[in-house]
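2 protein chains.
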Amino acid sequence: MSKPTLLYAQSGGVTAVINATASGVIQAARKHKMKVLAARNGILGVLREELFDTSRMTPDQVRALAHTPGGAFGTCRVKLKSVEQDRARYERLIEVMRAHDVRWFLYNGGNDSADTALKLSQLAQTMDYPLTCIGVPKTVDNDLVLTDCCPGFGSAAKYTAVSLAEAALDVAAMAETSTKVFVYETMGRHAGWLAAAAGLAGKSADDAPHLILFPEIPFDEAAFLERVKATVARVGYCVVAVSEGVRRPDGKFLAGSEGSIDAFGHSQLGGVGPLVAGLVKDQLGLKVHWAVPDYLQRSARHLASKTDLAHALAVGKAAVDYARKGMNGTMPIIQRVSDRPYRWKIAPAALADIANHEKTMPADFIRADGYGITARCRRYLAPLISGQAPVPYGPDGLPRHAVPKLPLATKQLPGMTP
Amino acid sequence: MSKPTLLYAQSGGVTAVINATASGVIQAARKHKMKVLAARNGILGVLREELFDTSRMTPDQVRALAHTPGGAFGTCRVKLKSVEQDRARYERLIEVMRAHDVRWFLYNGGNDSADTALKLSQLAQTMDYPLTCIGVPKTVDNDLVLTDCCPGFGSAAKYTAVSLAEAALDVAAMAETSTKVFVYETMGRHAGWLAAAAGLAGKSADDAPHLILFPEIPFDEAAFLERVKATVARVGYCVVAVSEGVRRPDGKFLAGSEGSIDAFGHSQLGGVGPLVAGLVKDQLGLKVHWAVPDYLQRSARHLASKTDLAHALAVGKAAVDYARKGMNGTMPIIQRVSDRPYRWKIAPAALADIANHEKTMPADFIRADGYGITARCRRYLAPLISGQAPVPYGPDGLPRHAVPKLPLATKQLPGMTP
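First to last, the sequence lines map onto chains A and B.
Residues 100 to 517 (this note's numbering) make up the first sequence, in order.
Residues 100 to 517 (this note's numbering) make up the second sequence, in order.
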């Protein structure tokens, strides 16, 4: 029989700092002599009994995780249904954990993962298997309830604000004879958190971004174009930040998730950035450029926020602590103690209160005209992008990313198609 | 009469380090007690007699230019024609310079700017006006001849390699149940330098980027898709770097500079990135994501290369030196002394040998199969992204950009419509 084991798994979209959480988990578990297995590709790896043995990692390798973006052990987009509908898979999870003497399961993800961890904790009780399930927060979407913010968001927010500030200087320098309107697309299908973060780039009314398009505000094409025109007339150029989740007044996404089909039947995978840019060009005849950073914004570990990194490490360490204390069905969340100076602490919350809920932006975070952020929003966001978290670079000029190559723990069970 | 003056102007597309060149110019000129005027929006500012007086800048402000992206004094995309065709404008330039006792004119740009500086130097001679014209190199396109590389390129190259390496970890972590193919679009309409720089992210055959599409290699859709398919089968995912300048076998751009028109008559401003992504989705049915960093790649001062920054400062300082020495019609260029360790020096070249020429990628920089870079290319590129050039950040978590607000020198002449 192997020794009592902690199983860690990553779930859903990765962030610049999810591996820092993994690093925090492994460091804390080692202090308490706990063995740590990490599932390959999230819950799929548990179903398949593909579990990396992290005890092979040197302390340096564990620390290096904290400056490596992506998901070091692999992650997946798989949502289990209810225990009734998906009983075979839930029971398989418990079987695999039993076979490896897993006493603590840490699931690092968003709403769906909190839900899975919760159901698993309940099923384990009915199956009389002693398992403590802890959810560990993570998402660039910043949409988990109860926690003040989500690890991963602060770094994506910093990437957004810095990139927009830099590009705006480019546009400003060239606007007279070149691009007049620049459109920057942010992630955030359901809530405008990252679009709001773009707003941190500007301090006064005529600073970029001049206009932000939020998913929370129905898109009014005529009013938007009027504002673009007025901004160009007043400032000389106009920088627009647009959330991928912007919707038409009828509630439909401005740019469908699958894009559109052109006259030749080809997919146009243009996101909302190029779409809004096209409107500006067609309706106003202004020269326009657009950028869609896509995955870059959630993997830019080189530009991570120090605050965010600290959060990511702290929730990992606290999760191990909660696990040891048998705080089944909880999640370590971030509580804000004060804005200025920014102070925060980690506290437990019930997974039942988090699973399947979604935090949207408070209405008073969006300016009355709908195109910018309020002082209150700025006060909330500012500490989250504060401080730098530099990565080590090699002589080749590239960050020293460290993705461990680990052996899988010996399988104890017959295989199963997950 | 004002004292003998150096006039500096920025031209064409900006880079992450063009302001570092400006900083080098002002620092060097101050050492020699030269007065420095900087034209507002490039040559347009000279025509309009809109000349910033940089003597108001504190030494700290001058140094801060070196970590501020964009073009601090403004730049423009204006190409003068031949002296015969554009005589009034050339003569106006000389008039304005005479009015401000400009003895030295430094034009910081690419091929076109070298041409303008050259013509101006020739016209000044025929007009018996004592003017020394110096071209100062700059372009993320890396397409100036004679110089080993162009200031601005190394930082854009570093941005490209780092961003691609980070995003590739994201894709790798999620490929099993999410995105299988990721397409990253680089700038470079005429030459594949930045697409080649993406190649620095990978060290071995199965590292990202798995495929690079160069403007130099006609796009073979069937062969490309076959390779994408094979890469996904072998590696589990496929990362593609595509240059905006990729062409069809008939020589036409894969994505027109103006985009296409959709079934509703709207402009589709999709670049080549979404277009290639669309092919992958339609023809192979694979889940695909794409990123178009656009201006971000040439304004990401936060990720500048130390080598590139050193080049940018050095050409600025050398330009002042050449100006003082009356080396009319020259440009300080970068000469590589050795690859490993990387050593370089600044040397003069004749503008006549640079103007209107374009350096393309050597054929032996592209791998025989057309989808990657050779060891020789890597040896050339590697030193250019080497070393970091950190920027100072404020307590707000943003870089402390410093765009000086300067007064214009008092106009001496009646106005003119440029």
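These are computed hints drawn from the structure, not numbers from a lab.
Among these hints, one or two may not hold up.
Since the list can't tell identical chains apart, any single copy or any two copies may satisfy a pair.
What the hints assert, rightly or not - Distance condition first, Cα-Cα at most 27 Å in a straight line; then the derived DSS-like pairs of lysine-lysine:
#1 Lys130 to Lys380
#2 Lys351 to Lys380
#3 Lys134 to Lys380
#4 Lys302 to Lys180
#5 Lys444 to Lys424
#6 Lys178 to Lys458
#7 Lys178 to Lys351
#8 Lys424 to Lys386
#9 Lys328 to Lys504
Going through the hints against the structure:
For the identical chains of this complex, Lys130 and Lys380 are neighbours neither inside a copy (59 Å) nor across copies (47 Å), given an alpha-carbon limit of 27 Å. Proximity of Lys351 to Lys380 under the C-alpha cut-off of 27 Å is found in both arrangements, the shortest distances being 23 Å within a copy and 23 Å between copies. Taking the closest pair of Cα atoms, Lys134 and Lys380 never come within 27 Å of each other, the shortest separation being 59 Å inside a single copy and 42 Å across copies. In this homomeric assembly, Lys302 and Lys180 never come within 27 Å of each other (Cα to Cα): the closest approach is 46 Å inside a single copy and 41 Å across copies.
In this assembly of identical chains, the alpha carbons of Lys444 and Lys424 lie at most 27 Å apart only when taken from the same copy (18 Å versus 63 Å across copies). Taking identical chains as interchangeable, the C-alpha atoms of Lys178 and Lys458 lie at most 27 Å apart only when both belong to the same chain, with a minimum of 19 Å there against 52 Å between chains. Taking the shortest alpha-carbon separations for Lys178 and Lys351, only the intra-copy value of 24 Å comes in at or below 27 Å, while the best inter-copy value is 45 Å. For the homomeric pair Lys424 and Lys386, neither the shortest alpha-carbon distance inside one copy (60 Å) nor that between copies (42 Å) is at most 27 Å.
For a Cα distance limit of 27 Å, the shortest separation of Lys328 from Lys504 across copies, 25 Å, qualifies, whereas the shortest one inside one copy, 54 Å, does not.
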